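Peer 1: Take a look at the letters that make up each chain.
2 protein chains.
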Amino acid sequence: MSRPKSRAAAFQGARGAFSEEAARKLLGQGVEVLPCERFEDVFRSLKEGRAEGAVVPIENTLAGSVHENYDHLLNFELPIVAETSVRIVHNLIARKDVHFPEIKRVFSHPVALNQCLDFFSRNPQIERIPFYDTAGSVKMIVEEGLTDAGAIASSVAAEIYGGRILRKSIESDRQNFTRFFLLRRPEYARRHPVPAGAHVHWKTSLVFSTRNIPGALFRALSAFALRDLNLTKIESRPLRGRPWEYLFYLDFLGRADTPNAKNALNHLREIADILRVLGCYPRGA
Amino acid sequence: MSRPKSRAAAFQGARGAFSEEAARKLLGQGVEVLPCERFEDVFRSLKEGRAEGAVVPIENTLAGSVHENYDHLLNFELPIVAETSVRIVHNLIARKDVHFPEIKRVFSHPVALNQCLDFFSRNPQIERIPFYDTAGSVKMIVEEGLTDAGAIASSVAAEIYGGRILRKSIESDRQNFTRFFLLRRPEYARRHPVPAGAHVHWKTSLVFSTRNIPGALFRALSAFALRDLNLTKIESRPLRGRPWEYLFYLDFLGRADTPNAKNALNHLREIADILRVLGCYPRGA
Numbered sequence: 001m002s003r004p005k006s007r008a009a010a011f012q013g014a015r016g017a018f019s020e021e022a023a024r025k026l027l028g029q030g031v032e033v034l035p036c037e038r039f040e041d042v043f044r045s046l047k048e049g050r051a052e053g054a055v056v057p058i059e060n061t062l063a064g065s066v067h068e069n070y071d072h073l074l075n076f077e078l079p080i081v082a083e084t085s086v087r088i089v090h091n092l093i094a095r096k097d098v099h100f101p102e103i104k105r106v107f108s109h110p111v112a113l114n115q116c117l118d119f120f121s122r123n124p125q126i127e128r129i130p131f132y133d134t135a136g137s138v139k140m141i142v143e144e145g146l147t148d149a150g151a152i153a154s155s156v157a158a159e160i161y162g163g164r165i166l167r168k169s170i171e172s173d174r175q176n177f178t179r180f181f182l183l184r185r186p187e188y189a190r191r192h193p194v195p196a197g198a199h200v201h202w203k204t205s206l207v208f209s210t211r212n213i214p215g216a217l218f219r220a221l222s223a224f225a226l227r228d229l230n231l232t233k234i235e236s237r238p239l240r241g242r243p244w245e246y247l248f249y250l251d252f253l254g255r256a257d258t259p260n261a262k263n264a265l266n267h268l269r270e271i272a273d274i275l276r277v278l279g280c281y282p283r284g285a
Numbered sequence: 286m287s288r289p290k291s292r293a294a295a296f297q298g299a300r301g302a303f304s305e306e307a308a309r310k311l312l313g314q315g316v317e318v319l320p321c322e323r324f325e326d327v328f329r330s331l332k333e334g335r336a337e338g339a340v341v342p343i344e345n346t347l348a349g350s351v352h353e354n355y356d357h358l359l360n361f362e363l364p365i366v367a368e369t370s371v372r373i374v375h376n377l378i379a380r381k382d383v384h385f386p387e388i389k390r391v392f393s394h395p396v397a398l399n400q401c402l403d404f405f406s407r408n409p410q411i412e413r414i415p416f417y418d419t420a421g422s423v424k425m426i427v428e429e430g431l432t433d434a435g436a437i438a439s440s441v442a443a444e445i446y447g448g449r450i451l452r453k454s455i456e457s458d459r460q461n462f463t464r465f466f467l468l469r470r471p472e473y474a475r476r477h478p479v480p481a482g483a484h485v486h487w488k489t490s491l492v493f494s495t496r497n498i499p500g501a502l503f504r505a506l507s508a509f510a511l512r513d514l515n516l517t518k519i520e521s522r523p524l525r526g527r528p529w530e531y532l533f534y535l536d537f538l539g540r541a542d543t544p545n546a547k548n549a550l551n552h553l554r555e556i557a558d559i560l561r562v563l564g565c566y567p568r569g570a
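If you read the sequences in order, they're chains A and B.
For the record, in the first sequence the residue sitting at position 44 is 44 according to the working numbering, with numbers rising by one throughout.
So the mapping is simple: the working numbering equals the position in the second sequence, first residue as 1, plus 285.
For reference, chain A alone in the conformation it holds in the complex (with noise of 0.2 Å):
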C-alpha cells in the first residue's frame, strides 16, 4: 500500500534524477516522490497540496543558478526550510548481464554525456548517444533489454532501475555540486519550527531590488556589514526591460529573527525596493 500522493516530495526529472537523490538526502531514503515534468509543476504540486515538500536545484558550481527557480520562489512564496549540496557524480550504467567490453554505444542527456568527454576520449570505440534524461536512459537500456548498451546516469538511477555500475565517477571534472532547496507550504513551516538552538549555524536567503544609481548596493550592503552579518552569497540579476534595476540574490549567515538581523533586515528596507525573505534554514553541509 502506497501512502497518499500529498506525502510525497515534489521534483523535476524522472525517477533517479539528481534532485531525487537530493530528495533522499534531505527528507530520508525511504521518502515517497513525485517526479515532474517542469520546475512550475514542482512548484504547483507543492502550492495546491499534491506534495508535502518541493526539492529544487538552486545553483550548480559549473553552471550557475538557477534564475528560473528564483523566479518560481517570487511568485509561488512558498518557504526554503532546509538546504543540501550533491555532488554530480556520473557513473556508466548497464544490464546487470552486460560487461565493460561489450559497450558499443552509451545513452544519456547530452549534458552528462558531455561532462564525460575524457572518458570518450580514453573509449574511442563507444557512441555517444543524446537521451532524454540522464536516469531515463538507464530505464530504457534495461526494459529494452540492450546487450551492447550503457546509460550515464545516477548511482540511485541504477538501483531503481535495476542496472549495474560499469565504471564509478567518470565526469571529467569532479568540482560538480548542485545546491537543492527543500520547500514547504507556509503553514506547514510556521507548525514545524526548527528550534533556534537547534543547529549552530542557520542561513537566511533574501532577494531585494535596488535603483542602479551609484553605491546603491553599497548601501544594502551596509546594513549587513554595520552589524557583523557574514554573507555567503551576493548575485545581480538584471531586470529586463528596466535596464537601471537589479534584483539580487542574497544570503547571510544567522536566523532572520535574531534582533540583529531584524535590525539589518528594516535598514535594507529603508533602501530596497522590493525585499522578500525567501527562508531561513540550518545550513547544510
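Hint data in this document are derived by calculation from the structure and do not stem from the laboratory.
Predicted model, so just to flag it, every value in this text is computed and none were measured.
Each hint should be verified, as a subset may be incorrect.
To be verified - Which chain B residues face chain A? A few, computed with CB under 8 Å, are given here: (1) Arg323; (2) Thr346; (3) Phe416; (4) Gly500; (5) Ala510; (6) Leu516.
Said to hold, decoys possible - What follows is a set of in silico ranges between Cβ atoms, one per label pair, in the way DEER data are often shown: (7) B:His477 x A:Arg211: 32 to 38 Å; (8) B:Gly430 x A:Ser172: 34 to 40 Å; (9) A:Gly197 x B:Val479: 57 to 63 Å; (10) B:Gly430 x A:Arg15: 32 to 38 Å; (11) A:Thr147 x B:Glu322: 25 to 31 Å.
Every residue gets a Cβ at the ideal spot worked out from N, C-alpha and C, and that includes glycine.
Could you slot chain B onto chain A? The hints should help.
Peer 2: Positioned in the frame of chain A, the structure of chain B alone reads:
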C-alpha cells in the same frame, strides 16, 4: 577558396549554434567560424593561433552564469574585447518540401525541447525526440530526408543546412537571452585598441577574491562606491575546499584606464587577495 583557419572565430557547438549567431553579431555575417567540441577547445584554439577570436557564452537570463567559462578566462588570460546579447529564439524547422501537418516528431537538444513545452502541449500529436544539439538536429533531418520530422534550432541553422522555418519563436519564455564575450589574444588586443572616444559607454569585467570575514565584500565595493563607479554585475562564488573564501565576478561601467577606475582598482588591490581585470570593452546593446 576559404581563408586560412587562423582568421576564424572559434565557438563551442555545431555550425548554426547560438554561439555562431553571436559570432556573426560581433564580427559580421561573413565571419569564418571554427566549431569546437568543448569550451576548453575554444580557448585553446585562440591561444594557440588556430583562431583569431573566440566567442563564448558567459550568462543566460534563465540558467545563470557559466562558471566554467569564468574559470577558462582566469586560466587562459585571453582578454575580453567585446560583448553582445542574443535572444534565444527556438524555431520549428523542416525540409523545404515538408508542411506543418506532416510533422509527427521533432528532434532537438533536450534543453531546447524543454523550453518549448507550451508548443508541445498545444500539439500533442508531435513526439519529442532528444538529439545531440539544436543545429545538428536540422542537419540530420535535412540530410536523412525525413518527411515526417522537424527540428528545433536557430534561424541560422535553418539557413546553413537548407531547412525551412515552419513556426517561428515557439519557446515558452521570451525572456531567454544569452550574453556572449568576444576574446582575442593579448597581442591582438594591444595592437588593435578601441579608441576611448569611439564609444560613450564602456564596461570593465574583473574577478577578485576575499576572505569571508564579515564586511570584506562591503569594503571591496567601497572602492567603487566612493568613486561613483556604477556596477552592472556582482556575483559571489564560493571557492571549493576553502569554505571561507570567495571569488567575485564584477562588472563596472567605465574604462579601466581612466584615473578614477585606476584608483578604484588600486584601492581594491589593498583588500582583495587576487584581482584580475578580464577585459575592458564597449558596452553591448
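Peer 1: Compare the structure with each hint and give your call.
Peer 2: Verification of the hints:
Given the 8 Å rule on beta carbons, the hint for Arg323 (chain B) holds: about 6 Å separates it from the nearest Cβ of chain A. Residue-level restraint check for Thr346 (chain B) holds (minimum Cβ-Cβ distance to chain A is 6 Å; threshold 8 Å). Satisfaction of the interface hint for Phe416 (chain B) is found here, the shortest Cβ-Cβ separation to chain A being roughly 6 Å, below the 8 Å cut-off. With 8 Å as the threshold, the beta carbon of Gly500 (chain B) comes within range of chain A, its nearest partner Cβ sitting at about 4 Å, so the hint holds.
Evaluation of the Ala510 (chain B) hint against chain A yields a held restraint, the C-beta minimum of about 4 Å falling below 8 Å. Interface restraint check: Leu516 (chain B) against chain A, minimum CB-CB distance 6 Å, threshold 8 Å, status holds. A hinted range of 32 to 38 Å for the beta carbons of His477 (chain B) and Arg211 (chain A) is consistent with their spacing of about 36 Å. Remark: the range hint 34 to 40 Å for Gly430 (chain B) to Ser172 (chain A) is upheld by a beta-carbon distance near 36 Å.
A C-beta distance of roughly 59 Å is found between Gly197 (chain A) and Val479 (chain B), which places it inside the suggested range of 57 to 63 Å. With their beta carbons about 37 Å apart, Gly430 (chain B) and Arg15 (chain A) fall inside the hinted range of 32 to 38 Å. At about 29 Å, the CB distance of Thr147 (chain A) to Glu322 (chain B) agrees with the hint of 25 to 31 Å.
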